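**Q** One-letter residues, chain by chain:
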Amino acid sequence: MAEAVLRAEGVGYRLGARALVADVALELHTGEVLGLIGPNGAGKSTLLRLMAGLLRPTAGALHLHGRALDSFPARERARRIGYLPQHFAPHWDYTARELLRLGLERGGDPSGLEAVATRHDITALLPRRWSSLSGGERARVLAASVLATRPELVLADEATAALDVGQSLALMRRLRAAAQAGAAVAVVVHDLNLAVAWCDRIALLHQGRLQALATAPALAEDPRLDAVFGVVFERVRTQAGWMLNARARRCEGDREPP
Amino acid sequence: MIAWLLPPLGLLAGLMLGAVTLTPAEALALLADPAQPVAQLLLQWRLPRVLAAGCVGALLALGGTVFQGVFRNPLAEPYLLGSAGGAAVGATVALLVALPLPQGLALPVFAFCGAWAATWLVLALARLADGTSVAALLLAGVAVAALLGAVRSFLMLALSDETVSLQAVLAWSLGGVQTPSWPELGLLAALTAAALLLCRGLARGLDLLGLGEAMAESYGLAVRRFVGLAVLAGAFVVAISVVWGGLVGFVGLMAPHLARWTSGPLHARLLPRAAAIGAGLAMLCDGAARALLPPAEIPLGLVTAAIGAPFFLLVLAREARRG
Chain A
62 MAEAVLRAEG
72 VGYRLGARAL
82 VADVALELHT
92 GEVLGLIGPN
102 GAGKSTLLRL
112 MAGLLRPTAG
122 ALHLHGRALD
132 SFPARERARR
142 IGYLPQHFAP
152 HWDYTARELL
162 RLGLERGGDP
172 SGLEAVATRH
182 DITALLPRRW
192 SSLSGGERAR
202 VLAASVLATR
212 PELVLADEAT
222 AALDVGQSLA
232 LMRRLRAAAQ
242 AGAAVAVVVH
252 DLNLAVAWCD
262 RIALLHQGRL
272 QALATAPALA
282 EDPRLDAVFG
292 VVFERVRTQA
302 GWMLNARARR
312 CEGDREPP
Chain B
6 MIAWLLPPLG
16 LLAGLMLGAV
26 TLTPAEALAL
36 LADPAQPVAQ
46 LLLQWRLPRV
56 LAAGCVGALL
66 ALGGTVFQGV
76 FRNPLAEPYL
86 LGSAGGAAVG
96 ATVALLVALP
106 LPQGLALPVF
116 AFCGAWAATW
126 LVLALARLAD
136 GTSVAALLLA
146 GVAVAALLGA
156 VRSFLMLALS
166 DETVSLQAVL
176 AWSLGGVQTP
186 SWPELGLLAA
196 LTAAALLLCR
206 GLARGLDLLG
216 LGEAMAESYG
226 LAVRRFVGLA
236 VLAGAFVVAI
246 SVVWGGLVGF
256 VGLMAPHLAR
266 WTSGPLHARL
276 LPRAAAIGAG
286 LAMLCDGAAR
296 ALLPPAEIPL
306 GLVTAAIGAP
316 FFLLVLAREA
326 RRG
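Chains A and B supply the protein sequences, listed in that same order. Each residue of the first sequence is one higher than the one before, counting from 62 in this note's numbering. Each residue of the second sequence is one higher than the one before, counting from 6 in this note's numbering.
In short, the hints are calculated from the structure, not lab data. Remember, it's a predicted structure, so these values are computed and weren't measured experimentally. One or more hints might be untrue.
A short list of chain A residues far from chain B (calculated; beta carbon distances all over 12 angstroms) [as the list claims (entries may be wrong)]:
#1 Ala65
#2 Ala113
#3 Leu115
#4 Leu123
#5 Arg128
#6 Ser132
#7 His152
#8 Gly164
#9 Asp225
#10 Leu230
#11 Gly243
#12 Asp252
#13 Gln268
#14 Ala288
Estimated spans, in silico, between C-beta atoms of each pair [stated by the list, open to error]:
#15 A:Pro188 - B:Leu237: 35 to 41 angstroms
#16 B:Pro13 - A:Ser195: 26 to 32 angstroms
#17 B:Leu202 - A:Asp131: 30 to 36 angstroms
#18 B:Ala311 - A:Asn101: 49 to 55 angstroms
#19 B:Ala155 - A:Ser132: 46 to 52 angstroms
#20 B:Pro13 - A:Pro188: 29 to 35 angstroms
#21 A:Pro188 - B:Leu36: 41 to 47 angstroms
#22 A:Asp131 - B:Pro188: 49 to 55 angstroms
#23 B:Glu324 - A:Ser193: 53 to 59 angstroms
#24 B:Ala155 - A:Ala222: 45 to 51 angstroms
#25 B:Ala151 - A:Gln241: 57 to 63 angstroms
#26 A:Thr184 - B:Pro13: 35 to 41 angstroms
#27 B:Leu202 - A:Gly71: 45 to 51 angstroms
#28 A:Ala222 - B:Leu202: 39 to 45 angstroms
Even glycine gets a Cβ: it sits at the ideal position worked out from N, Cα and C.
Please put together the full structure from these sequences, using the hints given.
**A** Here it is, written out as structure tokens:
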């Protein structure tokens, strides 16, 4: 088994009386892409923000390469962890070059900007302002900025939510490439087929708790998926793997699917 | 480039304009021959005042740029945010109440405390409503500015007596620069340079904050601590400008915008350019304040408001279109 980049032990996060995340234990390894799935309000984004060090757990602990995550200085944590937020809308109209520079500077070295732009195929976009970029171009620029320091842990929070099919695939390809280059990647995905197709393992969350954690093919067959989402999935085996189609909403008293 | 042209233009205009208005050639000829009595008047009276107005404008521009960055709101500025009003209340107390401190010290200290407290109040009220939205911030700023205006008026009525000229305090609160002595001008210039360095130190944090709080945190910025520091720095800058120039509105709004249009949003480039534009604007407006109704002077705050209010509406309309 590859080295655990991130380890969560009994991680919980309460907001007042409400537990947004409870007792989550998982490991994230070098070279793997972990999908976080679950219905709205399952705690996926909160768990990702805890993993990024943006929130402090109210229970349990997170370790980055065996060291407590909250013991890292902010600058070092920023260099080691790349976080792609769910909605990114800069308040000022930065150019792509300025955004890439800000991303690179967290590693302390803004040199090599052109090389990073070439690697991420955004050289032509560098002089353009954010407001003039299309959705797909924005996703490329943001991914390049976040991945610029080659972080060892990459966390993407529904980064494909506002993208069309082609752009979503392109972003997942970039995240997969980051994993192949040695990063551990966790990505919150709403599209289950995207998760099954692109993730090595999938964590299923419901009401803040980890319901299942398995390889993508195994989780695609797991009946807990139907129970958590409250639908009956039709499972179609294709050459590329499982395809999930939500066929009907489950009603009270329905038997658990086999 | 345009940003760097404004200060010399403002200086020249400031030297030309006044109760006696000179042509550019006359002004330059007098500067070239300082032995003439009129040249002495220009150098000892008009020049320090124009330079003081430039420093006040630069400070207001720096305060506006920092507050726009902290609040991530293009309409934030010291006057509309209430921070200048807070400084004015503090300064009014220092002017009207017998304190165990020398007034030269009490004035800036009280102005700073007032600016700092008012800015935090607006920030807290805006957060209660809707974070950094334009409407929430403006409404909170308007409410706090109105409250502070009422407090200042009450203090002026309740505390002034024959030993304190109410008219002097009123004139100061309408905004205006007095002619300083050269040592006083030296102190103001040093404080302005220190303010520029202080704000320049905030540049990277302000850039990151512009990405949104989550991204800024993930890029290594301790957001809460940084906002606290930046508000403190902004209050310091605004307090100096209010002590020297009274309540001068809209320079802190216009200068960062004009600078952003020419240099982009990164604060390391933006701050010095905004300061240059603010200095140029204030010198021009101060010249106009002296020249429009000679031999009387219009308060500087009225001139900047006459230009700044339409500018504000223009920016507001742009923001409304952006949604």
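**Q** For each hint, tell me whether it holds in the structure or not.
**A** We went through each hint and held it up to the structure:
no.	hint	result
1	Ala65	holds, 21 angstroms
2	Ala113	violated, 6 angstroms
3	Leu115	violated, 5 angstroms
4	Leu123	holds, 15 angstroms
5	Arg128	holds, 17 angstroms
6	Ser132	holds, 15 angstroms
7	His152	violated, 4 angstroms
8	Gly164	violated, 7 angstroms
9	Asp225	holds, 22 angstroms
10	Leu230	holds, 24 angstroms
11	Gly243	holds, 20 angstroms
12	Asp252	holds, 22 angstroms
13	Gln268	holds, 23 angstroms
14	Ala288	holds, 32 angstroms
15	A:Pro188 - B:Leu237: 35 to 41 angstroms	holds, 36 angstroms
16	B:Pro13 - A:Ser195: 26 to 32 angstroms	violated, 43 angstroms
17	B:Leu202 - A:Asp131: 30 to 36 angstroms	holds, 33 angstroms
18	B:Ala311 - A:Asn101: 49 to 55 angstroms	holds, 52 angstroms
19	B:Ala155 - A:Ser132: 46 to 52 angstroms	holds, 50 angstroms
20	B:Pro13 - A:Pro188: 29 to 35 angstroms	holds, 31 angstroms
21	A:Pro188 - B:Leu36: 41 to 47 angstroms	holds, 43 angstroms
22	A:Asp131 - B:Pro188: 49 to 55 angstroms	holds, 51 angstroms
23	B:Glu324 - A:Ser193: 53 to 59 angstroms	violated, 18 angstroms
24	B:Ala155 - A:Ala222: 45 to 51 angstroms	holds, 48 angstroms
25	B:Ala151 - A:Gln241: 57 to 63 angstroms	holds, 60 angstroms
26	A:Thr184 - B:Pro13: 35 to 41 angstroms	holds, 39 angstroms
27	B:Leu202 - A:Gly71: 45 to 51 angstroms	holds, 48 angstroms
28	A:Ala222 - B:Leu202: 39 to 45 angstroms	holds, 43 angstroms
In the structure shown, a violation is registered for the earlier hints numbered 2, 3, 7, 8, 16 and 23, in ascending order.
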